[in-house]
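Put chains D and S on the given structure of chain R with help from the hints.
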Amino acid sequence: MEKHEARKGMKRRMLLACGAVLLVMQPMLGSVARADDYPNKTMNYIVAFGVGGGSDIIARTMVKVIDEKKLIPVKMLVENRPGGSGAIGYSFINSQKGDPYYLGGVGVSFFTTPLLGKMPLSYRDFTPLAAIARSPYILAVTADSDIKSIDDIKKATGLTIGTAGAVSDPALLSHLLNKETGATIKVVPYDGEGEVMAAVLGKHLDLLFGNPNEILEQVNAGAMRALAVTSAERMTSLPDVPSFSELGYDIVHTQLRGIIMPKDVPAEAVSYWEGILKTVAESPEWRTQYVDRFNEIPIFLDSKAFEAEIAATSARYETLMRELGLIK
Amino acid sequence: MFDSWYLLADGLVAASQPNVLAAIMVGAIIGLFIGALPGLGPTAGVAILLPVAVSFDGTSAIAALGAVYYGAQYGGAVTAILLGIPGDASATMTVIDGHKLARNGKAGAALGLSIAASFIGGLIGLLLLTAFATTIARAAIAFGPIEMTALMIFSLSLVSVLGGKDLNKAMMSLFLGLFIGTIGLDPMIGLPRFDFGEVRLFDGIEFSIIAVGLFGLAEMYATPPSIGKPEEASRFRFRELFPDVRATLQCWRELGSGSLIGFFIGILPGAGATAATMIAYAFAKRTSKHPERFGHGALEGVAAPEAANNSAAYGNMIPMFALGIPGSGTTAVLMGGLLMIGLQPGPMLFQTQSAFVWTIFGSFYIGNLALVAITIVLTPILATCAFVRPSFLFPGVIAIIAFGIFGINNSMFEVMLVIGFGILGYLMMKLDYPPVPLVLGMILGPILERGIRRTLVASDGDLSVFFKSPIALVILLITLVLVVSPWLVSQRAKRQADVANTIAK
Amino acid sequence: MIPLRSFDFGLSAILALLGLYIVSQGISFGYQDGAVPAAGFFPFWIGAGLALFSGLNLIRLFRHSGVLGAVDRMEIVRVGLVSLALCGFVILSGFIGMIGASVLLMIAVGMVFGARDRRSILAVSAIAVGMAGILYLVFGVVLTIPLL
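Residue numbers (our numbering), protein chains in the order written: chain R, 1 to 328; chain D, 1 to 505; chain S, 1 to 148.
Calculated directly from the structure, the hints in this document are not laboratory data. Quick caveat, the model's predicted, so the values are computed rather than measured. Each hint should be verified, as a subset may be incorrect.
Listed next, the in silico BS3-like pairs over lysine-lysine satisfying Cα-Cα at most 27 Å (straight line) [said to hold, decoys possible]:
id, chain 1, residue 1, chain 2, residue 2
1, R, K203, D, K468
2, R, K154, R, K186
3, R, K155, D, K494
Across the chosen pairs, the derived CB separations fall in these ranges [to be verified]:
id, chain 1, residue 1, chain 2, residue 2, range
4, D, V245, S, I121, 56 to 64 Å
5, R, D144, D, Q351, 14 to 22 Å
6, R, T42, S, A126, 46 to 54 Å
7, R, G248, D, F196, 42 to 50 Å
8, R, D144, D, W487, 41 to 49 Å
9, R, D144, D, A9, 58 to 66 Å
10, D, W487, S, S24, 31 to 39 Å
11, S, G94, D, R253, 51 to 59 Å
12, R, D144, D, V245, 38 to 46 Å
13, S, D117, D, V52, 53 to 61 Å
14, S, A126, D, I471, 57 to 65 Å
15, D, Q250, S, R73, 38 to 46 Å
Which residues of chain D face chain R? A partial, calculated answer using Cβ under 7 Å [stated by the list, open to error]:
id, residue
16, G163
17, G190
18, R200
19, G204
20, K289
21, G336
22, G461
No residue lacks a Cβ here, since even glycine has one placed at the ideal position from N, Cα and C.
This is chain R alone, in the form it adopts within the complex (with noise of 0.2 Å):
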């Protein structure tokens, strides 16, 4: 026990150290980048939605680890601008066009809202930065259903399945699951994931997609039993539940948390941020405090790789919103 804590504290001394270097290297790096020291005034982070919610604790998380670990040399403070299922948010963040000091998260209306043609803007008009976190879903039934198995929903008739929002992943996931197996699960849509939960405990429902967050919580309970799980590999927590694609099915999507600037920014702003986000995802701090309590996957995606996945994603989304009918 006492070895173990100190195996740890050296673990954490050593981290400590290289943030400690690269906490050294950073003013380097920006005024390699720019003659005047990038940043030089309070950074704003929008959150487009209320506080308390999903992508609100995300941002709180990651501006308090930015600040503990003194990453940047100014504040940065974290604005909520709800309304509108994130457009007013992400409308904001346009309208800051070339101004390297206003960031944002990537939620599921980035995608949808656009698409919908009601906002005069896709994720084409911001800068993506980098992803620092990746959240998978499970696919999960109570824990004294008949269905044990993918198998067994193919087999079964008349199964429905809740999904937190008319357009979100869950319901994207839902769908993707009727194509790949070629059940007739029936979507219902719920407006939020408690409500979905509530739903499916209380058999209103049979199965659902849902956070590792929750879902592991349901089922350290046994109240809940974890079918698949959305992401390419198995979860580190949920060991023996098997990946889809391992099953073979071509299902493989995943939540990314993600940070966008509005367009046009800099080239060095974005290389700059690239290197903090960097270090926050490999740091303990954001481990502990973030991917760690929310049983996320932790990832680290540079600016390309990251614009590659939001194509990819906002693409997915176009094609359900289509087969729904939403987008002629």
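Leaving out everything else, chains D and S in the frame of chain R:
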């Protein structure tokens, strides 16, 4: 079950530590004021305090956020009674009789009653929360889309009780409310409806905008200007600024029924405190010996909804603490707070974090006592508000409305909407359109639509599922009785009158 | 004095038309999808209900007259003036900020509600400035709402 009370005793001791006490007081006072500000309700209050609170230690943070929530329920009634403006959505029903009382010079009695109702409702809600949290949570999820549909049909039928004398106008008001409820993204496929090309309407119209416009602004518009009539204030006696204990005790039945209705509606995920206040008010009116007094300053009309909305706050927390399911906007933000301090609300919380949960419950008891003390001291001061001349009072009130409504989404679009609803509310008031059915339709319509469509998507359009759920059947039967019985009673009265007439002949 | 009957005519007519508009929109959203109600199902019936009851009210208004009484012309003017003052506040906030605009709003509202002589206007102005300070502290500082 007895374990609960031992655990609560420990919790009360833990919650009496100075740092937690301080957090409770800060939260309660902020909640009280945010609740009183028109436009901003408990959800906004918890959201505003959240970023600050998570820097406290975990227990203090959640104690403070919880205090904002129930503090706002106390505060909402203050503006509702004194100014006729619902301070938050769930105080809308309190306006109807509360403001009439204040205008009749009984501001103190009405405020005192609302405090007592808030406390009793809170206490009953808390006792039920303490005793049955985990058991009730299991029962609550038996309520699915089918049962919710039945409950909403029942609630909408209350228009027959709440609609006033002109049924046709009540129906117009109801359908207008139902229409407003459909504005925004369609809940089932995400199609924008009635957005008029405006993305800011995607999430629908915030209820407090309508409540403030329809009740608050409209009321002010209809108030005659005061050109030199200062003597009016002296008509009211000093004593009437203070709470009236006897009047409070007379309302014991409404306090009890309101608390129970509030608690049980509050538990259901997605139903909400505002729906609870409407049902509690309608129940009080329906069972009253003097239903004609409702709407003209009946004390019972304040007692029932105020007890209900406070009790609902605790009912609302049950699914969150026991199952990890937020049943309302406020509990969703509160749950965000739990996540941020590193706790996972859900079935394991009571086992793994037992001391934390009971300390929080303990803090709720202490917070409620503190709020009673604070509000009783403030009552006479606040009540004098009712005697300030409109030319001095209204400028400030309208400015507060403008700022409060702006604060909902930090935008002026909502302020423009409130101006429009103010004019609509004024017209409705002058033309005898009851505003309550509009509120009823707007709050309940979306829940009804979701319930029906979710049910039918799952059953593939098979309507018979509604009659296979025992809970739904019972609710639908009660609805039938509620709608048909007044008609039967009037028929019988007519027949008796006929008999009496023939005998007289 | 303006008779209220004409207002009721106007409102009922507008609501009846709104009802018909809702019905037409409802149809364009799609009434049914297979056996399941679609996005336009509820709007269709809500619009129909609104049009029906508004129509009934119109018919009733044609048949009976004088049930509603009248309203003082000054009261209507007051509603208009306060609404205009609020609109002015919205527009001015973009130029001089919400705090400045709120002072003007409050003075205007005070005048509408009876502060006409010099002493009352001075008193209202003093209240307005004090209130603006409180608003700034409460909303801008304590609640940290980004005021314009």
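Against the structure, the hints come out as follows:
1. R:K203 - D:K468: 14 Å, holds
2. R:K154 - R:K186: Holds: K154 (chain R) and K186 (chain R) sit about 13 Å apart, inside 27 Å.
3. R:K155 - D:K494: 63 Å, violated
4. D:V245 - S:I121: 56 to 64 Å: Hint violated: Cβ distance 43 Å, outside 56 to 64 Å.
5. R:D144 - D:Q351: 14 to 22 Å: 20 Å, holds
6. R:T42 - S:A126: 46 to 54 Å: Roughly 36 Å apart at Cβ, these two residues miss the hinted range, so it is violated.
7. R:G248 - D:F196: 42 to 50 Å: 48 Å, holds
8. R:D144 - D:W487: 41 to 49 Å: 46 Å, holds
9. R:D144 - D:A9: 58 to 66 Å: For D144 (chain R) and A9 (chain D) the Cβ distance comes to about 36 Å; the hint is violated.
10. D:W487 - S:S24: 31 to 39 Å: Check passed, 35 Å falls within 31 to 39 Å.
11. S:G94 - D:R253: 51 to 59 Å: Holds: the Cβ-Cβ distance is about 53 Å, inside 51 to 59 Å.
12. R:D144 - D:V245: 38 to 46 Å: 53 Å, violated
13. S:D117 - D:V52: 53 to 61 Å: 46 Å, violated
14. S:A126 - D:I471: 57 to 65 Å: Hint holds: Cβ distance 60 Å, inside 57 to 65 Å.
15. D:Q250 - S:R73: 38 to 46 Å: 44 Å, holds
16. G163: 29 Å, violated
17. G190: At 4 Å from the nearest chain R Cβ, G190 (chain D) passes the 7 Å test, so the hint holds.
18. R200: 5 Å, holds
19. G204: Result: violated, 10 Å to nearest chain R Cβ.
20. K289: Nearest chain R Cβ about 39 Å off; hint violated.
21. G336: Check passed: Cβ of G336 (chain D) comes within 3 Å of chain R, closer than 7 Å.
22. G461: 11 Å, violated
The earlier numbered hints that this structure contradicts are 3, 4, 6, 9, 12, 13, 16, 19, 20 and 22.
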